[in-house]
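The sequence shown lines up with residues -19 to -1, 1 to 319 when you count with mature numbering (1 follows the signal peptide of the UniProt record, and there is no 0).
Treat the hints with care, since some could be wrong.
Claimed, not checked - Using 25 Å as the maximum straight-line C-alpha spacing, the simulated BS3-like pairs for lysine-lysine come out as follows: (1) K213 / K37; (2) K123 / K307; (3) K213 / K123; (4) K37 / K307.
Unchecked claim - DEER-style ranges, computed between Cβ atoms: (5) G121 / P48: 33 to 43 Å; (6) G121 / E45: 28 to 38 Å; (7) S292 / G144: 19 to 29 Å; (8) D236 / R291: 28 to 38 Å; (9) Q44 / G121: 19 to 29 Å; (10) G144 / T112: 11 to 21 Å.
Since the hints were made in silico from the structure, they are not lab data.
Heads up, the beta-carbon is just placed ideally off N, CA and C, and yes, glycines get one too.
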Amino acid sequence: MRRPLLLLAALGTSLGLLTACVSGESTDGSVGEQPETGVQVRLDYAYYNPESLVIKEQGWLEQEFGPGSVEWVLSQGSNKANENLRADAIDIGSTAGTPALLARANGSPIRSIDVYSRPEWSAIVVPRDSTITDPSGLRGQKIAATQGTDPYFFLMQTLAQAGLSASDVEIVNLQHSDGKLALERGDVAAWAGLDPFMAQTELEAGSRLIYRNLDFNSYGLLNANEDFLEEKPEVAQAVVNAYERARAWIQENPDAAVQTLATAASIKPEIARQQLLTRTQLDIDPAPGEPQRTVLARLLPLLVSEGLVRSEQEAQTALDTLFEPKFAAAATGGPAGS
């Protein structure tokens, strides 16, 4: 009888240990790593969105929701973020303001819930030895740009101001990093650039920014589809809260933020510093509203003339319904009106 009793006692001890481990408690009674809770939100991260890189690196949302709760997807440009939102591959994505407006005007049910930056992230760039010195010299030239992104619309506005149109140049549709390479190889005469690639070619290859205009750069917006906001408002709020935490963290830790960007984008710290501390303004009201509306309203005639929307009225309706400021207002304790 003694041998079976010993075996039963050992089995009971083993089961107790197994139960403790499954519940997240170690054998000495302390709480260890909790089990994965499953994906609760799918977020993009982007080199043009510094807060996203900080949130991803710090793991704040994973700490709040549990291990494995966040799925991170790289956005190489606003066009890719919009594509992923349309395909339901992400729940929240970061774009420039103009692509967000264009997406909603063309049927995507997105709302902008946070303003993550006011960047000067785009300009017209030419090689170091180029003879082009101003936008008028772009006539008849090949220009690299990523359609559906802020640099593309920066180019459209620049051409219009110079008395040119898209038909006066040859626009080569390349993703941002490929546009930089095309410029440096001499495959194109100019490039509608985007940081950090623009800062990289400027500092490493001597490329020149021949035209800059902060007003032609729309704000950085955080967007989500309407059904996600209706079904998971508490998750959306947690994400916006994390963005506000990241905004404060970057301002309090600029050197560490530069290193975060440099590591994520595989660029030199001086390039990251140029982008983040020289050409990105974070000290802004994060609730989308009149400042963003004013910038985008100027673009409505251009979107119509280029055939990018069916009518100015549809684009105006999209602009009137694009912003949802309540999440950012709750995160900062500000008013919820737009």
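The hints, checked one at a time:
1. Restraint check for K213 and K37: the C-alpha separation of about 20 Å stays at or below 25 Å, so the hint holds.
2. Note on K123 and K307: the hinted pairing is violated, with a Cα-Cα distance of about 43 Å set against a maximum of 25 Å.
3. With a CA separation close to 45 Å, the supplied pair K213 and K123 exceeds the 25 Å bound.
4. Between K37 and K307 the alpha-carbon distance is near 24 Å, which keeps this suggested pair within the 25 Å criterion.
5. G121 and P48 have their C-beta atoms about 56 Å apart, which leaves the hinted 33 to 43 Å range violated.
6. Checked against the given bound of 28 to 38 Å, the beta carbons of G121 and E45, roughly 54 Å apart, lie outside it.
7. Between S292 and G144 the Cβ separation comes to about 25 Å, which falls inside the hinted range of 19 to 29 Å.
8. As the Cβ distance of D236 to R291 is approximately 48 Å, the hint placing it in 28 to 38 Å is violated.
9. The beta-carbon spacing between Q44 and G121, approximately 55 Å, falls outside the hinted interval of 19 to 29 Å.
10. Checked against the hint of 11 to 21 Å, the C-beta distance between G144 and T112 comes to roughly 20 Å, which is consistent with it.
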